Amino acid sequence: MSRLPFYFIVGLLLLVGIVASVHRHVQFEIPWFPGEQRQVWEIEAVINFNAQNGPVQVDLALPSHQSGFRVLTENTASSGYGLAYQADELGRQAQWTIREAAGSQQLYYSVQMLVSPDSRAPIQTPPGIPSVTPWESPYDTAASQLIDRAWDRSANNATFARELILDINGERQGENARLLLTQMQPSALIVRLLNQAGVQAREVSGLLLEDGRRRQTLSSWIQVFDQTAEEWALFNPATGEQGQPDNLLLWETGGRAVLEVQGGTNSRVSFSMLTHYQPASAAVRNHYSEDTLLNFSIHSLPLEEQALFQTILLIPIGALVVVFLRVLVGVKTSGTFMPVLIALAFIQTTLLTGLIGFLLIVAVGLIIRNYLSYLNLLLVARVSAVIITVIAIISIFTVLAYRMGLSAGLTVTFFPMIILAWTIERMSILWEEEGPKQVLIQGGGSLLTAVLAFLAMNNPWVRHITFNFLGVQLILMAFILLLGNYTGYRLLELRRFKPITEDEKPS
Amino acid sequence: MSWLKNWTWPTRLRDKGIVGMNRRNIRYIGRYNARRLYPLVDDKLKTKLLAQQYGITTPELIGTVTTQFGVKHMSEMLIGHHGFVVKPAKGSGGKGILVIEKVENGLFYKPSGASLTMEDIERHVSNLLSGLYSLGGSPDVAVIETLINFDESLLEYTYEGVPDIRVIVFKGYPVMAMMRLSTAASDGKANLHQGAVGVGLNIATGAALRGVQFDRPCYSHPDTGHDLASLVVPQWETLLHLAAGCYEMTGLGYLGTDMVLDRKHGPMLLELNARPGLAIQMTNGEGLRRRLDLIERQPDNVPVAKRVAFAQHHFARKSELTDTPDTPSATA
Numbered sequence: 000m001s002r003l004p005f006y007f008i009v010g011l012l013l014l015v016g017i018v019a020s021v022h023r024h025v026q027f028e029i030p031w032f033p034g035e036q037r038q039v040w041e042i043e044a045v046i047n048f049n050a051q052n053g054p055v056q057v058d059l060a061l062p063s064h065q066s067g068f069r070v071l072t073e074n075t076a077s078s079g080y081g082l083a084y085q086a087d088e089l090g091r092q093a094q095w096t097i098r099e100a101a102g103s104q105q106l107y108y109s110v111q112m113l114v115s116p117d118s119r120a121p122i123q124t125p126p127g128i129p130s131v132t133p134w135e136s137p138y139d140t141a142a143s144q145l146i147d148r149a150w151d152r153s154a155n156n157a158t159f160a161r162e163l164i165l166d167i168n169g170e171r172q173g174e175n176a177r178l179l180l181t182q183m184q185p186s187a188l189i190v191r192l193l194n195q196a197g198v199q200a201r202e203v204s205g206l207l208l209e210d211g212r213r214r215q216t217l218s219s220w221i222q223v224f225d226q227t228a229e230e231w232a233l234f235n236p237a238t239g240e241q242g243q244p245d246n247l248l249l250w251e252t253g254g255r256a257v258l259e260v261q262g263g264t265n266s267r268v269s270f271s272m273l274t275h276y277q278p279a280s281a282a283v284r285n286h287y288s289e290d291t292l293l294n295f296s297i298h299s300l301p302l303e304e305q306a307l308f309q310t311i312l313l314i315p316i317g318a319l320v321v322v323f324l325r326v327l328v329g330v331k332t333s334g335t336f337m338p339v340l341i342a343l344a345f346i347q348t349t350l351l352t353g354l355i356g357f358l359l360i361v362a363v364g365l366i367i368r369n370y371l372s373y374l375n376l377l378l379v380a381r382v383s384a385v386i387i388t389v390i391a392i393i394s395i396f397t398v399l400a401y402r403m404g405l406s407a408g409l410t411v412t413f414f415p416m417i418i419l420a421w422t423i424e425r426m427s428i429l430w431e432e433e434g435p436k437q438v439l440i441q442g443g444g445s446l447l448t449a450v451l452a453f454l455a456m457n458n459p460w461v462r463h464i465t466f467n468f469l470g471v472q473l474i475l476m477a478f479i480l481l482l483g484n485y486t487g488y489r490l491l492e493l494r495r496f497k498p499i500t501e502d503e504k505p506s
Numbered sequence: 070m071s072w073l074k075n076w077t078w079p080t081r082l083r084d085k086g087i088v089g090m091n092r093r094n095i096r097y098i099g100r101y102n103a104r105r106l107y108p109l110v111d112d113k114l115k116t117k118l119l120a121q122q123y124g125i126t127t128p129e130l131i132g133t134v135t136t137q138f139g140v141k142h143m144s145e146m147l148i149g150h151h152g153f154v155v156k157p158a159k160g161s162g163g164k165g166i167l168v169i170e171k172v173e174n175g176l177f178y179k180p181s182g183a184s185l186t187m188e189d190i191e192r193h194v195s196n197l198l199s200g201l202y203s204l205g206g207s208p209d210v211a212v213i214e215t216l217i218n219f220d221e222s223l224l225e226y227t228y229e230g231v232p233d234i235r236v237i238v239f240k241g242y243p244v245m246a247m248m249r250l251s252t253a254a255s256d257g258k259a260n261l262h263q264g265a266v267g268v269g270l271n272i273a274t275g276a277a278l279r280g281v282q283f284d285r286p287c288y289s290h291p292d293t294g295h296d297l298a299s300l301v302v303p304q305w306e307t308l309l310h311l312a313a314g315c316y317e318m319t320g321l322g323y324l325g326t327d328m329v330l331d332r333k334h335g336p337m338l339l340e341l342n343a344r345p346g347l348a349i350q351m352t353n354g355e356g357l358r359r360r361l362d363l364i365e366r367q368p369d370n371v372p373v374a375k376r377v378a379f380a381q382h383h384f385a386r387k388s389e390l391t392d393t394p395d396t397p398s399a400t401a
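Chains as they are written, first to last, in the working numbering: chain A, 0 to 506; chain B, 70 to 401.
FYI, nobody ran anything at the bench for these hints, they're computed from the structure.
Computed from a predicted structure; not experimentally measured.
Do not take every clue at face value.
[Unchecked claim] Not the full set, but computed from the structure, chain B residues with beta-carbon under 7 Å of chain A:
{"#": "1", "residue": "Thr77"}
{"#": "2", "residue": "Gly86"}
{"#": "3", "residue": "Met90"}
[What the hints assert, rightly or not] Facing chain A, a subset of chain B residues (Cβ under 7 Å, in silico):
{"#": "4", "residue": "Pro79"}
{"#": "5", "residue": "Asn91"}
{"#": "6", "residue": "Ile95"}
{"#": "7", "residue": "Asp284"}
{"#": "8", "residue": "Arg386"}
Virtual Cβ for every residue (Gly too), placed ideally from N, Cα, C.
Next comes chain A alone, as it looks inside the complex (with noise of 0.2 Å):
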């Protein structure tokens, strides 16, 4: 009989468990540790223009993932407006639509970007080079000499394009380049030169970011694709310097216009923005994300269900601690899940409570289930007999705290009554059976197994792995598979069997 089909699961449940958990920190950014700190970035964008009564159509280019940035959620105020959002290679839009409106409109566009160092912009493939329009005379030969220029003293796309900025911008700025900014914006102008020579480049709008600035507008900025890095490079038009600041948000990224209002006036975009600090599981709760089959998780539920499954995905946790306590202690317990339930209710009633009501319930109950014992009744209403006593109990305990101002003994209503009948049932029996030291054994083994199982189970860090990474509980399985392979001794063993050595030795 070979284990190797075993063993294959096993590693299987392992290495699937452990990529999909990694998928999950790399991919969604969640953090391994709770309570990390991220800066989220509110950003809202106001359209301001005045309507010409009749349909208006309001294409405004919105921001995507990008290298340093993540989006997290975004929303849109329009009283009247049709509203959808469009996503092409170029980039994402929004496009506001009304049948008729007249007078001053606003739009309000506001979007949480998660700071995100590891981020990284979606890979791109280099446009094709816009077909140039021809200058006519006398601008070609000053873009021709300007280009030559630039060429003799660049070795690549990168340093030519920075050569080619200083030429028109900088200091250097000498007599073509003036004629030739008569005719166009300086950003412009470096891009249509660079695409002239060759070199796919763009011109992009980005924001850059201070905290509490309002009516801020986009920065014109320049992306010259890199041929041996394969990657958009980032230059300042003014100054020619590469790279992108920290703080600078690229707002469109397809070289089209950042606003576009058909059947309006006056229409501009203004930005405010403000930056904040928020837990990193908060965060992560509010991605946005486009992939929701490949994002699997529990985090698209409503919160409800959320807060339900944050309890569920302990119990295998629980679980683990009962087999791990079993198979590798040897520590008897009556029920074999059953500690894992109190240790359930122990989350909700806290450690100390919930403690002092299982004693006073099972010891009360064992009392009154002595007298049942006399009464010589069929199991199944004897158990029944004791859940009513149970919930007897329950009911007289929590008024009893009420009355006495102890409001932590009203949460002894979490403990599951039918588990607890079933404990004080097999506990009586036992004691019949076995006596009470059986039944100081195996009760003291539950409660142990339970206050572990809780401990485990409360412990912030295990409610924040299992939560958001759902690859755990596969790696959780794995061990359980493998504990339930284990066939050495038992830590109690080692006391239990400890005489047989002993003889071992000379007498």
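Assemble the complex: chain A is given as a structure, and chain B must be docked to it using the hints.
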């Protein structure tokens, strides 16, 4: 560090060949005992009928009571029997067993001397049928057997209760054996953890190897004071054959057989256990592992007689009780 005295190292247990719970459950019970065979041993009536079929001696069956209606006709069944035992077929751990030693003037006397009327017995059987003593409270069947007359040679070693002999049978080979002697501490019951004395038996001869009470060595019976060293189970070979035959009977590879010695009929099978405990290792002062490993290497389909001979040859041991006469004997 005094509490460490009570603990040992796993390596030392392994050297001794001790089998732990986990190993027993996975390697032996899980591998050799098919689940579907369990009802054969968990129901004493089934075991008994099966044993009769296979010619294995068991206490004689007087009759069974299966319905509450049948309780009323029980007195007819008991006519002419001077001693009998009422057992629940699905009981465990000796619960619900009623022993009647003699019947006089319509009164039934228990071994303790207490007398019962016919109504008392009927009520006991009625409770038994409704599942008072069975596992999980399921409806049960009462099995009424003739009383066992214990072999007198063993009576000196026991206090009140029944001295029974447990033989572990692995793949049909008797592997290890012990005798359980009830004591005052165990309240006449033969349960080791309640204080009965366990005596390891030499598989070759049926002679005592060592005695253990509460897991500590013991050299004489704590109540009768009788020296354990002289204990030899009579008709040992018959007993081994009987135990080994239970393998063919049940098909269970790892089996605990509980036997008693009757004055007239010799060794008898009392009950079978598909999950025999590990305390037998304590009473023998030896682990089961080496013996089980040796048996696992033996071929299948060996006849009973050969298996018994093999076990007697390979598992023979010297008694620790007689070899060390100098040691003080009253340590229990």
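Hint check, failures only: 2, 8
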